[in-house]
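Taken in order, these protein sequences are the chains called H and W. Per the numbering used here, the first sequence runs over residues 1 to 88. Per the numbering used here, the second sequence runs over residues 1 to 179.
No lab work stands behind these hints, which were simulated from the structure alone. Note that this is a predicted model, so its numbers are computed, not measured. Ideal placement from N, C-alpha and C gives every residue a C-beta, glycine not left out. Hints are not guaranteed to be accurate.
Negatives, chain H to chain W, calculated, CB over 10 Å [what the hints assert, rightly or not]:
#	residue
1	P8
2	H14
3	E38
Partial list, computed: chain W residues near chain H (C-beta under 7 Å) [unchecked claim]:
#	residue
4	E13
5	V16
6	R17
7	A20
8	V41
9	L46
10	L112
11	V136
12	V166
Each pair of labels, with its calculated beta carbon distance range [stated by the list, open to error]:
#	chain 1	residue 1	chain 2	residue 2	range
13	W	D33	H	E35	43 to 51 Å
14	H	S31	W	S140	17 to 25 Å
15	W	E14	H	R19	41 to 49 Å
16	H	R7	W	R18	50 to 58 Å
17	W	T141	H	R7	29 to 37 Å
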Amino acid sequence: MRLRELRPSFMLDHHFTRRHLADYLDGELESPARERLEHHAELCPKCRRMVATLLRTLEGLRGLRGQSALAGSHSVSDSVIARLREDT
Amino acid sequence: MDRAAGGDREAFEELVRRHADHLYAVVLRFTGDPSEAEEVVQEAFLRAWRSIGRFEGRSQFFTWLCRIGLNEAKRGGTGRPAPEALSVEEGALERTADLRQAPEPHAEHRDLRLALERAVRALPEGYRAPLILRDVEGLSTGQAAEILGLSEAAFKSRLHRARLVVRDAIDGYLSGDGR
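So here's chain W without its partners, still in its complex pose:
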């Protein structure tokens, strides 16, 4: 990391090999488009390389990189204007629960996975981001909150609401649980 921060490109390329696929996985969940996600990842690393001298090491490299990547994804990767990235539009979260679908009588594991994918995709971005970073990608609460520029309390609150909405959306697949 120190060598990369000092401008050593080979050392930076090692960071690319270590983190590019993980960043791609995160970004793809936001864009839903593999080629756009790849472009966003390329752009994020380029930006990181150009400003590596400003990386102070107070956070982990991936946290810093992920923040750059998600900002890039919000801009659409191609310079189009950024939408309200962490918008929490009134009522939008409640509408997500309307995705609720009854499964086929013999719904299998794959159907649950597809229902989950659909429910996550339907969340407003301000709720989707915490859920993806924490529950899907397994980042720590502190790391994910830092990437999104939220306090831990605000992050936890959004995460919990998002989990409840996703649970409601897949409720038909969970009918046997807890009885």
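So that you can see chain H by itself, here it is in the shape it has in the complex:
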């Protein structure tokens, strides 16, 4: 463990980062809290990796949108409208 990781302020920032990570990922962490988290992530390898891998995960999840769900499929609105007309 490096010296800086033993400093109380480092550990305070570490806990702060973990506590506010979800808001950070959703873009809901305002300045200066955002800068505090980003500064800590630059110094702390564990947090840096945590932030980077979660951002990558979110990017991948967003990339799933519409990919397998509708690929090669027809629009379902025609069958819904046909069913509505049958029903009424």
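We have chain H; now place chain W onto it with these hints.
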């Protein structure tokens, strides 16, 4: 919307054209079966049409519709009993992380996508739903929480735990990140 709420079927059909494919995409992620998802979407719109007079406009139409659709999906679309839709069974989330797999040395983008699909599918439903609505389908936190009948705080907590589990499950594909 007002015309549809007043019983104008043509106006309601316009809402179908606008929202059916999006609802289908969401439902398909829950059922995993295209024909079942289509049936669920049909049933959801039928229910919405029959009760459109009760739609008060306090939420967006898609939020209301999605809630009907997911309830229908939980019932299996064919009237079978509903499972515990938002169950958060003890230990179930932790078991999801056991899906962790090491990628082939030259794993490509498609492999990551498949690993993500697998990890999402393996989540317990109470965690999968927030993740799908927010991170995959891009709904707002408020909208997604309302669809699932959760407070925003409870929703955010489940979402964050789900993200961590999915991240762990695909960790082998992310080995270069943050180093």
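Each hint, compared with the structure:
Every C-beta of chain W lies more than 10 Å from that of H:P8, the closest at about 25 Å, which supports listing it as non-interface. In this structure H:H14 is separated from chain W by more than 10 Å, as the shortest Cβ-Cβ distance comes to about 15 Å. At roughly 13 Å, the least C-beta separation between H:E38 and chain W is larger than 10 Å, which holds for a residue marked as non-interface. Here the hint on W:E13 is kept, as its CB sits about 5 Å from the closest CB of chain H, short of 7 Å.
Among the interface hints, the one on W:V16 holds; its C-beta lies about 5 Å from the nearest C-beta in chain H, closer than the 7 Å criterion. Interface restraint check for W:R17: the shortest CB-CB distance to chain H comes to about 5 Å, inside 7 Å, so the restraint holds. Taking 7 Å as the C-beta cut-off, the interface hint given for W:A20 holds, the closest approach to chain H being about 4 Å. Because the smallest distance between the Cβ of W:V41 and any Cβ of chain H comes to about 5 Å, under 7 Å, the interface hint for this residue holds.
Because the beta carbon of W:L46 sits about 6 Å from the nearest beta carbon in chain H, less than 7 Å, this interface hint is met. For W:L112, the interface hint holds, the least distance from its beta-carbon to any beta-carbon of chain H being 6 Å, beneath 7 Å. Restraint check, W:V136 versus chain H: the minimum CB separation of about 5 Å is within 7 Å; hint holds. At a threshold of 7 Å, the smallest CB-CB gap from W:V166 to chain H is about 6 Å, leaving the interface hint in force.
The beta-carbon spacing between W:D33 and H:E35, approximately 47 Å, falls within the hinted interval of 43 to 51 Å. One distance hint, 17 to 25 Å for the beta-carbon pair H:S31 and W:S140, holds here, with the actual separation near 22 Å. At about 46 Å, the CB distance of W:E14 to H:R19 agrees with the hint of 41 to 49 Å. About 56 Å separates the C-beta atoms of H:R7 and W:R18, a value consistent with the hinted range of 50 to 58 Å.
The beta-carbon spacing between W:T141 and H:R7, approximately 35 Å, falls within the hinted interval of 29 to 37 Å.
Checked against the numbered hints listed earlier, the structure breaks none of them; every hint is satisfied.
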